[in-house]
Amino acid sequence: MGGGMSGPSFNIDNGYLEGLIRGFKNGILTRNDYLNLVQCETLEDLKVHLQSTDYGSFLANEPGPLSVSVIDDKLRNKLVLEFQHIRNQSVEPLSTFLDYITYSYMIDNIVLLITGTLHQRSISELAAKCHPLGIFEQMEAIGAVSTPAELYNTIIVDTPLAPFFLDCIFVQDLDEMNIEIIRNTLYKNYLEEFHNFCQQIGGITADVMCEILAFEADRRAIIITINSFGTELTKDDRSKLYPCCGKLHPEGLSALARSDDYDQVRAVADYYAEYKVLFEGAGNNPGDKTLEDKLFEHEVKLNVFSFLQQFHFGVFYSFIKLKEQEIRNIIWISECVAQRHRTKIDNYIPIF
Amino acid sequence: MSSKDRVPLFPSRLNLMLMKNRLKGAQKGHSLLKKKADALTMRFRQILRKIIEAKMTMGDVMKEAAFSLAEARFTAGDINSLVLQNVNKAQTKVALKKENVAGVILTTFDYMAEGEDTYELTGLGKGGQQVARLRKNYIKAVQLLVQLASLQTSFIILDEVIKITNRRVNAIEHVIIPKLERTIVYIVTELDEGEREEFYRLKKIQAKKKKLRIQAEEDRKMLKMEAGVKNLLNEVDEDLLFGN
Chain A
43 MGGGMSGPSF NIDNGYLEGL IRGFKNGILT RNDYLNLVQC ETLEDLKVHL
93 QSTDYGSFLA NEPGPLSVSV IDDKLRNKLV LEFQHIRNQS VEPLSTFLDY
143 ITYSYMIDNI VLLITGTLHQ RSISELAAKC HPLGIFEQME AIGAVSTPAE
193 LYNTIIVDTP LAPFFLDCIF VQDLDEMNIE IIRNTLYKNY LEEFHNFCQQ
243 IGGITADVMC EILAFEADRR AIIITINSFG TELTKDDRSK LYPCCGKLHP
293 EGLSALARSD DYDQVRAVAD YYAEYKVLFE GAGNNPGDKT LEDKLFEHEV
343 KLNVFSFLQQ FHFGVFYSFI KLKEQEIRNI IWISECVAQR HRTKIDNYIP
393 IF
Chain B
61 MSSKDRVPLF PSRLNLMLMK NRLKGAQKGH SLLKKKADAL TMRFRQILRK
111 IIEAKMTMGD VMKEAAFSLA EARFTAGDIN SLVLQNVNKA QTKVALKKEN
161 VAGVILTTFD YMAEGEDTYE LTGLGKGGQQ VARLRKNYIK AVQLLVQLAS
211 LQTSFIILDE VIKITNRRVN AIEHVIIPKL ERTIVYIVTE LDEGEREEFY
261 RLKKIQAKKK KLRIQAEEDR KMLKMEAGVK NLLNEVDEDL LFGN
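Top to bottom, those sequences are chains A and B.
The numbers in this note's numbering rise by one with no breaks, and the one at position 233 of the first sequence is 275.
The numbers in this note's numbering rise by one with no breaks, and the one at position 119 of the second sequence is 179.
Do not rely on the hints blindly, as some may be mistaken.
In silico contact screen, one side only, chain B against chain A (beta carbon under 7 Å); selected entries [stated by the list, open to error]: (1) 99; (2) 125; (3) 127; (4) 128; (5) 134; (6) 135; (7) 142; (8) 150; (9) 184; (10) 185.
Derived from the structure by calculation, the hints contain no laboratory data.
By construction, the Cβ of each residue, glycine as well, lies at the ideal position given by its N, Cα and C atoms.
Please model the entire structure based on the sequences and the hints provided.
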């Protein structure tokens, strides 16, 4: 397949979009911008500072006093617009690649819908809470559904997510399984599928994306292990949630499946050079970065590296992830400003 | 009402005794009520101090909780809608208890957590630690809120009762007891007056009797002196039947 096209042949189909993405990437907030934002005293100040960045006057027409949720919505809408523009212009295989990116949001939306139907909530309110990047056409038809099994049989089978359900979730189990387990199982399948797809494309895309996805898989395995200590999740169930496309597969994953506490997890990670570094600086004392923060930083670093190479699809994925991190950073700073709780305001993850 | 008010009674000794008993009862009641008011006021001040403390910590606790929500959102993404959809039965409940303080029934609320934890696995994929911290912070905030609520209800109930009791204490002290005292004074004065009248009447009668006695005495003396002493046997009377 033409995924291995290197050099000029890549630009025939995807040159415009890669240029566009690199343009967007230049608009991502830099350290200076963050320093400015951190010094704001009110949300209005924040709005003024954002106006001088790529965001421009996206908040200009907001009525009434600014609130953090409004800023959140607007930031996300901007990202969705940019993504949809790129998606609309793309051709195969880039369009499938971009679709894969949206599947993770679809998983979140479906999990939300399943929980909602389990508790008989009205569909229109659920639809309003779904992530816009994860909307699929059959969503409007959900009104007629009342149990998750029905939801699966009438709707989910038609979506691109059906294969993720097939392998390990039986329809009857949907009603009883804890919603988080469903979500994590779907996500594991999604990651593995995505990884396979990228390897099929081959070339630089495969190099870049598989590195990023491998880290994502390992990160999920580590986090799931740590978070499942002290809960009712058994070790077997836990190991079923580990995605297999990372560096930890297979020895690391089986070691993780056996571990009982944080120190054992750390010992497993010590075998892998990059992960050992992450555990070193992490801690739960105030003033330390948490493990999650270090994982975020590593992810940002990998995503930034993907821009160093040209002629591959990884830049699209990295751009989305970096933009998301930027949105999280801006919201974090806005919350600190709005609540006047400035001690941890520097806990954002700087990107460039 | 004129301050000369008193209980309208016939001033008799029986009523005097009754009134004296009533006065004693009123004084005892007054001191008991005063003790109750003092106990309630002391409790009231304790509660007030606790409320002030709780309100001060409330500010900090709420701030902490809202901030941990922001932290959780940063790491775990938007879990809001998911958590809301998953709500089933209340896991945090409030139990009502009654307490008796100096005769006043105060209701207190107790925080109760029951039911299994349906949110244990939230944030399993990312942000689990932050979500756990968030839950702890908000549970603390809710506990504080429940405590504050129960303190405030006791505060209001106590306030009401203290006002009523103080009103009663003052009423007894300034209205009832003076009224009874005035009644007693009145009865006593009336009785005294009656006695004085009695006394005066007696004295007057005595004086009159004395005068009469003296007069009678004088008359007899006078008669005695005029006639000398006559011997009845020397007297010859006319023969009525065979008189000549």
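Practice item. Sort out which numbered hints this structure fails and list those numbers smallest first. Key: Of the numbered hints given earlier, those the structure breaks are 1, 2, 4 and 8, listed in rising order.
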